[in-house]
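Engineer: As you go down the protein sequences, you meet chains A, B, C, D and E in turn.
Under the working numbering, the residues of the first sequence are numbered 779 to 874, in order.
Under the working numbering, the residues of the second sequence are numbered 779 to 874, in order.
Under the working numbering, the residues of the third sequence are numbered 779 to 874, in order.
Under the working numbering, the residues of the fourth sequence are numbered 779 to 874, in order.
Under the working numbering, the residues of the fifth sequence are numbered 779 to 874, in order.
Mixed in with the good hints, there may be bad ones.
All copies of an identical chain are treated as equivalent in the list; a pair is satisfied when it fits inside any one copy or across any two copies.
Straight-line Cα separation of at most 20 Å, EDC-like style, residue types lysine to aspartate or glutamate; simulated pairs [as the list claims (entries may be wrong)]:
(1) Lys801 <-> Glu819
(2) Lys868 <-> Asp811
(3) Lys874 <-> Asp862
(4) Lys874 <-> Asp823
(5) Lys874 <-> Asp809
(6) Lys874 <-> Asp811
(7) Lys868 <-> Glu819
(8) Lys868 <-> Glu831
(9) Lys801 <-> Asp867
Hints were generated in silico from the structure; no laboratory data involved.
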Amino acid sequence: MQIAQVRGTVVSTQKLPAMTGVKLLLLQMIDHDGNLLPRYEVAADQVGAGMGEWVLVSRRAIAPQPMGATEQRPVDAMVIGIIDTVSVDKGLLYRK
Amino acid sequence: MQIAQVRGTVVSTQKLPAMTGVKLLLLQMIDHDGNLLPRYEVAADQVGAGMGEWVLVSRRAIAPQPMGATEQRPVDAMVIGIIDTVSVDKGLLYRK
Amino acid sequence: MQIAQVRGTVVSTQKLPAMTGVKLLLLQMIDHDGNLLPRYEVAADQVGAGMGEWVLVSRRAIAPQPMGATEQRPVDAMVIGIIDTVSVDKGLLYRK
Amino acid sequence: MQIAQVRGTVVSTQKLPAMTGVKLLLLQMIDHDGNLLPRYEVAADQVGAGMGEWVLVSRRAIAPQPMGATEQRPVDAMVIGIIDTVSVDKGLLYRK
Amino acid sequence: MQIAQVRGTVVSTQKLPAMTGVKLLLLQMIDHDGNLLPRYEVAADQVGAGMGEWVLVSRRAIAPQPMGATEQRPVDAMVIGIIDTVSVDKGLLYRK
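With the rest of the complex left out, here is chain A:
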């Protein structure tokens, strides 16, 4: 997974039926020193991440499907958790 910061949102109304109800966040990737990288990912969010928060994004995974789903959600990136802390060596790189 990569570390990213929530920077914005993307709205789409004309979309695949399987995308109905999926909230999309614009994430900017963060390097292992805590700096913003010039790369982004639009990811599905089922965790409820807010603007400016650091999150873990999983890419190219097959998204977990809701129970009884008849169609796979075709997302290639999703927020899997809001980050509390990132520790590197003996220091704390980030605390929420």
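Guided by the hints, dock chains B, C, D and E onto chain A, whose structure is given.
Structural biologist: For chains B, C, D and E alone, coordinates are given in the frame of chain A:
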């Protein structure tokens, strides 16, 4: 997912049977400032995106299969939605 | 998918049983202006593409399996179609 | 797989239910000469790797599921082993 | 798939149970002119490739499972064949 602009189309008649009826768009990737990047993707479109529109492209996902399909569609990129708005921080980067 | 040109072939006799009968082409990637890129992919071909032809290559997809297959083919790239035309904006970038 | 060194940990309490109990390590990638690269990966660890150890990280694989799992774990990187030795040509690049 | 040369081996004893008995090779990637690239991959080998040989490596594929397997092998790269010849245009780039 990445944000891309519809720039063209690709036509192929001699292809895998599973590709029959799949519309292929040439998409140019867009960075998080809204500029065109020197990268493209040919993606399957089931959403009906038009020339010049901004879309969300999902890559390396396993494409959702039509009901009763006996073969998996071997696409590695698909348009999953036409973008209405992209908001970054407190501003609007794009409105359709 | 990416656009590529058929440049050669790769032959392997000592291989995984699941690779038996799989024809392997050496493809050189093409950018969205039609120029050759310094990147290649060895891809399985079930379409019958010939030397010099432009093809669509799907990467990291799970290859469709032959009926009754008991083993998955472990290829990560395959030719899914021979390209007839590529149109960009209002012009024709390529015609077979 | 890639070779990486364990550099830290990432903690997340507000996360997808499927991520419960998953230990997350911050790994820094290592090149084939044994030098640290400016790239990292946050990976799930079920092997028990410790700080400073060299590990093998598998990316974009579908994570093996625990028996009886009803949900797929949406991780795209996992530690699959702690490295004892890396041998290149006739020399030993690394010994634990 | 990419073309690579076998350069070494990686040994891990503390690992996921699903990795038991998997032989791991250190491969260095080769470009389409036959030169070594500064990139490597640690790949599972079920083909029996030897030091210095050129092989085909498939990445991010889901590895074929042994019959009766109850767990997926979490490898993201595997040797799928030892290369006999690579032909480019009308010349022979490599012969074993």
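Engineer: Now, for every hint given, state plainly whether the structure supports it.
Structural biologist: Results for each hint:
no.	hint	result
1	Lys801 <-> Glu819	within (13 Å within a copy, 24 Å between copies)
2	Lys868 <-> Asp811	within (14 Å within a copy, 26 Å between copies)
3	Lys874 <-> Asp862	within (5 Å within a copy, 31 Å between copies)
4	Lys874 <-> Asp823	within (18 Å within a copy, 23 Å between copies)
5	Lys874 <-> Asp809	within (17 Å within a copy, 27 Å between copies)
6	Lys874 <-> Asp811	within (16 Å within a copy, 26 Å between copies)
7	Lys868 <-> Glu819	between (30 Å within a copy, 18 Å between copies)
8	Lys868 <-> Glu831	between (23 Å within a copy, 15 Å between copies)
9	Lys801 <-> Asp867	between (35 Å within a copy, 16 Å between copies)
In summary, this structure violates none of the numbered hints.
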